[in-house]
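Number of protein chains: 2
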Amino acid sequence: MKPKRYQAVIEVLLRPGVFDPQGQAVTAALHALGHDAVEDVRVGKLVRVMVSAENAEAARALAEQMCRELLANPVLENYQVRVEEAGVAH
Amino acid sequence: MKPKRYQAVIEVLLRPGVFDPQGQAVTAALHALGHDAVEDVRVGKLVRVMVSAENAEAARALAEQMCRELLANPVLENYQVRVEEAGVAH
Chain A
35 MKPKRYQAVI
45 EVLLRPGVFD
55 PQGQAVTAAL
65 HALGHDAVED
75 VRVGKLVRVM
85 VSAENAEAAR
95 ALAEQMCREL
105 LANPVLENYQ
115 VRVEEAGVAH
Chain B
35 MKPKRYQAVI
45 EVLLRPGVFD
55 PQGQAVTAAL
65 HALGHDAVED
75 VRVGKLVRVM
85 VSAENAEAAR
95 ALAEQMCREL
105 LANPVLENYQ
115 VRVEEAGVAH
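From first to last, the protein sequence lines are chains A and B.
The first sequence begins at 35 in my numbering and counts up one residue at a time.
The second sequence begins at 35 in my numbering and counts up one residue at a time.
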């Protein structure tokens, strides 16, 4: 079967309780701009991987393996993977 | 009406065609780890904003305004906003 292209969108955020200075800086900047409704901001990474795989489950498994091996630090960060079909592999 | 807390998750990615050296570095690192199925990687920012608002539409409008004012550079970056209810504001 011809593999398909999938887009795996990986969201990496610091775990709750881990100090996030970048998030605090953004919170302060938003308050300075008058956005008083903002309570808290966390800033993380978004990694979009285009990958060829037999099916969406295989693409998800690959993406989760990449997170464990390289993309996330499991001590400090949580990650979440979302997979979407992106057409036929070329 | 008591405002509710919403979680606005903002995904910021470089526009197609804008050179992404961080994405290229991650692609090379994944290939070096044996992930040959990876075709392309783009690395962006994930911003999670906790905001109080009357309803989800208002929370989304606030988040989009924050993107235009501070969080994204419209020349180089695209953004996408997702809003989820997060409980009663305190």
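Treat the hints as calculated values from the structure; they're not laboratory data.
A quick note: this is a predicted structure, and the numbers were derived from the prediction, not measured.
Please note: incorrect hints may appear among the correct ones.
Remember, identical chains collapse to one label, so a pair may be satisfied in a single copy or spanning two.
Unchecked claim - Each computed SDA-like pair below joins lysine to any residue, with the alpha-carbon atoms no more than 20 Å apart:
#1 K38 with L104
#2 K36 with N107
#3 K38 with N89
#4 K79 with Q41
#5 K36 with E103
#6 K38 with H65
### Query
Does the structure break any of the earlier hints, and which numbers would those be?
When the structure is compared with the hints, numbers 1, 2, 5 turn out to be violated.
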